[in-house]
Structure formats: structure tokens, C-alpha cells
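Could you use the hints to bring the two separately framed chains together as a complex?
Listed below are the residues making up each chain.
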Amino acid sequence: MKPAAEEIWTWLDEVPDPEIPVISVVDLGIVRGVAWEGDTLEVAVTPTYSGCPATSVIAMDIETALRDRGIGAVRIKTQISPPWTTDWLSDKGREKLMDYGIAPPRAAGGPECCPRCKSTDVKRISQFGSTPCKAQWRCSDCLEPFDYFKCI
Amino acid sequence: MTQVDQGQLFEFLCRMGDNTLVLGHRVSEWCGHAPVLEEDIALANTALDLIGQTQMWLGLAAEVEGKGRSADDLAMRRDVWDFRNVLLVEQPNGDFGQTMMRQFLFDAWHLEMLKALTGSSNEQVAAIAAKAVKEVMYHVERSGDTVIGLGDGTSESHKRMQKALDLLWPYVGEMFVADAVDAAMAEAGVAPDLAELRTACDARVGAVLAEATLAIPEGGFAHKGGKTGVQHSEHLGHLLTQMQWLQRAYPGATW
Ligand SMILES: [Zn+2]
Numbered sequence: 001m002k003p004a005a006e007e008i009w010t011w012l013d014e015v016p017d018p019e020i021p022v023i024s025v026v027d028l029g030i031v032r033g034v035a036w037e038g039d040t041l042e043v044a045v046t047p048t049y050s051g052c053p054a055t056s057v058i059a060m061d062i063e064t065a066l067r068d069r070g071i072g073a074v075r076i077k078t079q080i081s082p083p084w085t086t087d088w089l090s091d092k093g094r095e096k097l098m099d100y101g102i103a104p105p106r107a108a109g110g111p112e113c114c115p116r117c118k119s120t121d122v123k124r125i126s127q128f129g130s131t132p133c134k135a136q137w138r139c140s141d142c143l144e145p146f147d148y149f150k151c152i
Numbered sequence: 001m002t003q004v005d006q007g008q009l010f011e012f013l014c015r016m017g018d019n020t021l022v023l024g025h026r027v028s029e030w031c032g033h034a035p036v037l038e039e040d041i042a043l044a045n046t047a048l049d050l051i052g053q054t055q056m057w058l059g060l061a062a063e064v065e066g067k068g069r070s071a072d073d074l075a076m077r078r079d080v081w082d083f084r085n086v087l088l089v090e091q092p093n094g095d096f097g098q099t100m101m102r103q104f105l106f107d108a109w110h111l112e113m114l115k116a117l118t119g120s121s122n123e124q125v126a127a128i129a130a131k132a133v134k135e136v137m138y139h140v141e142r143s144g145d146t147v148i149g150l151g152d153g154t155s156e157s158h159k160r161m162q163k164a165l166d167l168l169w170p171y172v173g174e175m176f177v178a179d180a181v182d183a184a185m186a187e188a189g190v191a192p193d194l195a196e197l198r199t200a201c202d203a204r205v206g207a208v209l210a211e212a213t214l215a216i217p218e219g220g221f222a223h224k225g226g227k228t229g230v231q232h233s234e235h236l237g238h239l240l241t242q243m244q245w246l247q248r249a250y251p252g253a254t255w
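As given, the protein sequences belong to chains A and B, one line each in that order.
Mapping the first sequence onto the numbering used here, position 85 (from 1) lands on 85, and the numbers just tick up by one.
Mapping the second sequence onto the numbering used here, position 135 (from 1) lands on 135, and the numbers just tick up by one.
The set of hints was computed from the structure by calculation and includes no laboratory data.
All residues carry an ideal CB built from backbone N, CA and C; glycine is no exception.
Among the clues, some could well be false.
[Said to hold, decoys possible] Have a look at the derived ranges for each label pair, beta carbon to beta carbon:
hint, chain 1, residue 1, chain 2, residue 2, range
1, A, Ile80, B, Thr254, 21 to 31 Å
2, B, Met137, A, Gly101, 23 to 33 Å
3, A, Glu42, B, Gly219, 55 to 65 Å
4, A, Glu42, B, Trp81, 35 to 45 Å
5, A, Lys2, B, Val230, 51 to 61 Å
6, A, Glu42, B, Lys67, 26 to 36 Å
7, A, Asp121, B, Met137, 22 to 32 Å
8, A, Cys113, B, Arg69, 42 to 52 Å
9, A, Glu14, B, Ala178, 50 to 60 Å
10, A, Cys113, B, Pro251, 51 to 61 Å
11, A, Val74, B, Arg69, 25 to 35 Å
12, B, Gly66, A, Glu42, 16 to 26 Å
13, B, Gly237, A, Ala73, 38 to 48 Å
[What the hints assert, rightly or not] According to the in silico footprint, chain B covers these stretches of chain A (three or more CB under 8 Å from chain B):
hint, region
14, 43-56
15, 73-82
16, 119-128
For reference, chain B alone in the conformation it holds in the complex (with noise of 0.2 Å):
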């Protein structure tokens, strides 16, 4: 094993706390606003594990860093090109269909890295992995079923559902793509080699669209540069608008 850089690790670790905190802006968007009552509830209670979630890793991240910032303090006060979050969890939710497709396809890699990262040689991060996975097996086991329900579903939900999946998939690839940060965690045991994951979760999400009637894209182009900061899509800018809106305007507010 060897020695982890201190400025890689807080890069892996904004990682993980950016995917959950996006995503769970995202999803609590739809707080009361989903088709049906139970649905509202789930998608509120994802929401909330995913914040939790993002409160352990950028609380961990911060204290990696050593500069006196708190778990808030990275999530409310950094712009743009700070977040280090794919670019699939900051796509606009779109409908219903749309919103279960794209946290279907986070949650396939998720459950897989998270399963990887209880092993990690660093045993905060494997304490969080641990904490973490128990409440996303829940999350893929409905959105796996939403998806199926809706693509084997009517003429209209299948066509839906399609059009989400042709427009989600290009976004897949950059979960699996391994940067130098990525490489650094893998040499150092604290995260796996993210080509490793994707066996697991290709035969999930294979498995899945497949009863969902749905059909793969083909082509193997991937968006990138969310996980890098280099080039984030245009929405999240507008998102962190509204989610930083109260800390920009009334910096260092409390309850």
C-alpha cells in the first residue's frame, strides 16, 4: 500500500459528496410534485439518505483538507467548477420516467462502489461505504422495479422510458473511467479500480432493461469532465442558484 496523497483523497472524496448532494437536489425537487402520494415519499426519502449521505463524505473531505471548512461550507459556498460530481446526477429530472431512469443508472454504479469502497484501506471512508450501502440496496431495488414497470409498461410509458434511456446513456461511461485521482485511490486500496465495477453493474443494468423491454444504445460515447470539474453541463450552475441561494445572499445564516 502505498502512501495516499492527502490532496487526492479530498479530490476522491468531493467525488462521492458531490454525486449524493446533486442528486439529492435533484431528487427533492420533486418533493410534492410526484404522480402519486407514495411515490413523493420515496423519492423524499431517497433524497434524504443521499444527504446524509453527502454529509459524511464532505464532512470527511473538509477534515482531509485541514483548512477549517465544514461539510456546509464545501456544498454552500463553492461555484461551479469546484463540484466534482458526474455529470449524469446534475440532468434535469425531465418526467417521472426520466428521473427514475437516470437514478436507476447512479444507482447501479453506486450500490457496486459503495459494496468495493466497505473494503477500502482507509477506515473512515470504509465506515461510510459501510453506513451508505445498506440504504441504497434499497434505493436500486425500486428504482430497478420503477423501471421495469414503466418500460413493460404501456405504449406510452415504454416510449418514455426509451427516449430516457437514449438520452441518459451517453452520461453512463464517465462512472467508469479512471483519472489519475482514481488511479492514486485504487494503488493505495482506499477506492477500487473503477473498470472492476462495471461487470457487476453491466449485469444488473443489463438484466433490468432487458425485462424493461428496453433497448441499450449503442455506441460507446461518454459525456465527461464532471467528475474533474473541467467541464460541467449548464445545469448545474442553475441548480446551485437555487440550492446555495440562502448562503450567497446570508453568508454563514443559521437555523
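Excised from the complex, chain A in its bound form (with noise of 0.2 Å):
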């Protein structure tokens, strides 16, 4: 009998960002979509940035997870349309991110607060970071740098 797609998004959820493994591929908004065509199960991911490492990475990560599910047949369909936004993470990710040391995306453009003090006394240091998602920050209160998880 063929698992239900319920079934497969609460297995997918437990699938680590390879870049972040405290968030799931599905707190990153990455799985699109889960259906059946017959018996393959195709498996939409959207890249988040275009020239992201990590892509075939969750690629293989989603496969192989399936796979140890008893599922044979996948197929991982790379959707790009529409565009990955960080509106798409889930406020489960969200939170866990800050708690990581993360600061979380916001529509402002900017941290809330330094995830590890909560000063909300923190200054840009570069747009760009460790990884294409992310920019580099810091708390001006216990001077710590820390990353944000960019608006996109």
C-alpha cells in the first residue's frame, strides 16, 4: 500500500537542512509538493538561492530518507517557479533558528534581536554571509557577530 502524502510530509519533515540541520528541508519551505504518479512518488524541491551547494545535497538527503521508508521509486522534481521566499519558512523554523544563533528573516529587513543576548542594539557588518541565505551581523551590546537568515 502507498503511504499517504500526510504521511510522507511528516517523515520529509525530519529530512535536516545539510547548511542548518536544526531546521527540516520542509521548515525551510524547500518541498513544494508530494504527489503519486503510479507508483513513483515525485517529490517537488525548489532551490533556494540559484547557485545554492546545498541543492543536491537535500536532493540526495530526501531520496535516501524515502528510500529507508520503503518507498523504491522517487523522483526529485526541481521546480523553480515560483521563486523560493523566506515567507515560506515555517514559524516551527523560525524559532528553532534563533535559538540556533540565527536570527530569523523579518520584512523589515533586519534582525528583531541578537539571538543570544535579545538586544535589539545591532548593526550590519556585510549583506552577505557563510552562506547565500545569510548576512552577517552584530550585537553591539555583548559584541558577538551573528548570522541572519536574509529576506528574500
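Structure (C-alpha cells):
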């Protein structure tokens, strides 16, 4: 019997993002669809940034996770439209990011506060950070630098 | 809407993909060499975005061509005369200021081009543009800020930025000159009329350069021949020898 899409979504929610392992690929909002095409499970995945090197690793991780659950035929479909947006990050994912030390994206274009000491006195160092999806900020109170998951 | 000639569509897609490929490679040459760590990271991220966009453009180009070639084949197995990038992006890095000036002049055009392409009659072109435009907004914000910071900086940085602008300005015109391929794309609604991009571009470039206290060189001379492939500058060949070395020495090599 083929597992239902709902159940598959919960399995995928256990696949960690390779760059930020505290959130899942579902939290990140890059899994866009799960559907059976005959006996093949088609999973639509959208890349975060066009050149993100994690994209192929993510596809492999999803495939492996589903095979471990007994689904033999998996097809990963790359879907670029509509383009990924940080609006698709789950609320659970946003909280986990903050706990992990990465300030979650905000429409205002900057972090709400320092993930360490919660000070709102924060300054941008660079719009580009350790991965394409992050910017570098610094807290003026505890003086620690931190990552900000930038809006796109 | 007229039916678009597939050969011309292929040419157009190669132009988009070769621009991002060649500039992406140029910018990646900075990796490990930038003046400060943050700039090194920013340059590497910009290069990564551009190479990612290249995969989409050249991937679609290969599909449209229908000869079984892949994006990698197009990137790594074509020679100079088959490249369709504008001359601006193949110009050497020079110093950091020159690199950022080249980036800004390209970004200003790139952003307007991609914005227009999000409304393309070709759905795949529109989808790639919608993806890329978000990344390029960050590129132009940074390159513009850097041009302002360095232009309106010390007397030395100002001097170098003016020199970079004098050197690169004659390469701006090519991005706006339409030929038969551009005209066919515009007629089919695939791409915008290039001349129409000029107003928005000029406004941004003019405002940034004015704030940077830099003077736009006089005269309308424009170097041409890159996007038609008729006459690339000597620099592209040198770039390709480095970029394509592995695939030339070991054809078909994979990870
Ligand atoms: Zn703090």
C-alpha cells in the first residue's frame, strides 16, 4: 500500500537541512509538493538560491530518507517557479533558527534582536554571509557577531 | 505575438548565460584575495549566484538547441568565438575598485533586464528571471554602495574609481544596442526592447555615480562585438584557458 502524502510530509519534516541541521527541509519551505505518479513518488523541490551548493545534497537526502521508509521509486523534480521566498519558512523553523543563533528573516530587512542576548542594538556588517541565504550582523551590546537569515 | 525562431532564442539564452558565466568566473578569481574577509565572502557569494543563474540559462539554451548538449557542455566545450557575453564582463578584474565598478555597471543593466524578463512570453524565461532578479537586487545594492563608498572616499580611492569608470564606461553601450536577435526577441515578447531599459538604468547609474562624486566620461563611443561573438577582447581567451582547462585536458571528467 502506498503511504499517504500527509504521512510522507511528516517523514520529510525529519530530513534536516544540510547547512542548518536544526531545521528540516520542510521548515525551510523548499519542499513544494508530494504526489504519487503511478508507483513513483514525485517530490517537487525548489532551490533557495540558484547557486546554492546544498541543493543537490538536499535532493539526495530526501531520496535516501524516503528509501529508508520503503519507498523505492522516488523522483525529485526541481521546480523554480514560483521562486523560493523566506516567507515560506515555518514558524517552528523560525523559532529553531533563533535558538540556534541565527536571527530569522523579517520583512523589515533586519533582525529583531541579537539571538544571544536579545539586545535590539544590532548593526549590519555585510549583506553577504557564510552561505548565500545569510547576512552578517553584530550585536553592539554583547559584541558577538551573528548570522541573519536574509529576506528574499 | 510572432512565433520565435528557435535558433535566435538559443542565441539569446546563450547571451544571458554567458554574461553570468563569464562574470561569475571573473568574480570567483577574487576568492581568497579580497581586501577584507567580508568582501571576500560577498564576492564569492555573488559569483555563486551568477554561476547558479548560468546553469538555468545555459540549461534552457541546451534544451532549446535540442542537440543533446548540456549546460556544462556549453560552458566548458565552446571556444571563444561561440561565446555571446558582452565585452564588459570579460574585462580583467584590475584592482578591487575596478572590479566593483564593472560589477555595478553590469548589475544596473542586469536588474532592469531581469525585471523585464519576468514578464516574458516564454514561461521558462520568466521563471528563471523571477528567481534571478531576487539575487541581483542584493548584488546591485552592494555594488552601488561600494562604488559610492570608494568614489566618495579618500583621494586615492576616488582617483582609482574615476580611472575605473573611464576605462569601463565605453563597454556600457553594448548592453543596450539591439541587433537582429534582440529585435526578434522583443517582437515575440520574449525579451524587452533594450533601448527601453536605458532610462531606468541611466537613472540608477547617474544617481549612484553622482553620489560617488564621479564624472561620467563624455562621448558615446561603445565597444561592440561580444554578444554577437564577432570580436571578443583578447581577455576572454585567457579566461577560458583557465576555466575550461580540466574539461579540455580530460574531456567528460566528472567528480
Ligand atoms: Zn547580543
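Comparing the hints with the structure gives:
Between Ile80 (chain A) and Thr254 (chain B), the C-beta spacing of about 24 Å keeps the proposed range 21 to 31 Å intact. Restraint check, Met137 (chain B) to Gly101 (chain A): a C-beta distance of roughly 26 Å satisfies the suggested window 23 to 33 Å. About 57 Å separates the C-beta atoms of Glu42 (chain A) and Gly219 (chain B), a value consistent with the hinted range of 55 to 65 Å. Separated by about 41 Å at the C-beta atoms, Glu42 (chain A) and Trp81 (chain B) satisfy the suggested range of 35 to 45 Å.
Between Lys2 (chain A) and Val230 (chain B) the Cβ separation comes to about 57 Å, which falls inside the hinted range of 51 to 61 Å. Separated by about 28 Å at the C-beta atoms, Glu42 (chain A) and Lys67 (chain B) satisfy the suggested range of 26 to 36 Å. One distance hint, 22 to 32 Å for the beta-carbon pair Asp121 (chain A) and Met137 (chain B), holds here, with the actual separation near 27 Å. In this structure, Cys113 (chain A) and Arg69 (chain B) meet the distance hint of 42 to 52 Å, their C-beta atoms being roughly 51 Å apart.
Checking the proposed 50 to 60 Å range against Glu14 (chain A) and Ala178 (chain B) shows it holds: the Cβ atoms sit about 52 Å from each other. Between Cys113 (chain A) and Pro251 (chain B) the beta carbons are some 54 Å apart, a value that agrees with the proposed interval 51 to 61 Å. Restraint check, Val74 (chain A) to Arg69 (chain B): a C-beta distance of roughly 28 Å satisfies the suggested window 25 to 35 Å. Checked against the given bound of 16 to 26 Å, the beta carbons of Gly66 (chain B) and Glu42 (chain A), roughly 25 Å apart, stay inside it.
Our hint of 38 to 48 Å for Gly237 (chain B) and Ala73 (chain A) holds, since their Cβ atoms are close to 47 Å apart. Three residues within the 8 Å Cβ limit are the bar, and the region 43-56 of chain A against chain B gives 6, so the coverage statement holds. Look at the region 73-82 of chain A against chain B: 3 of its residues bring a Cβ nearer than 8 Å to a Cβ of that chain, three or more, so the hint holds. Evaluation of the coverage hint for the region 119-128 of chain A: fulfilled, as 4 residues show C-beta separations to chain B shorter than 8 Å, against a requirement of three.
Of the numbered hints stated above, none is contradicted by the structure.
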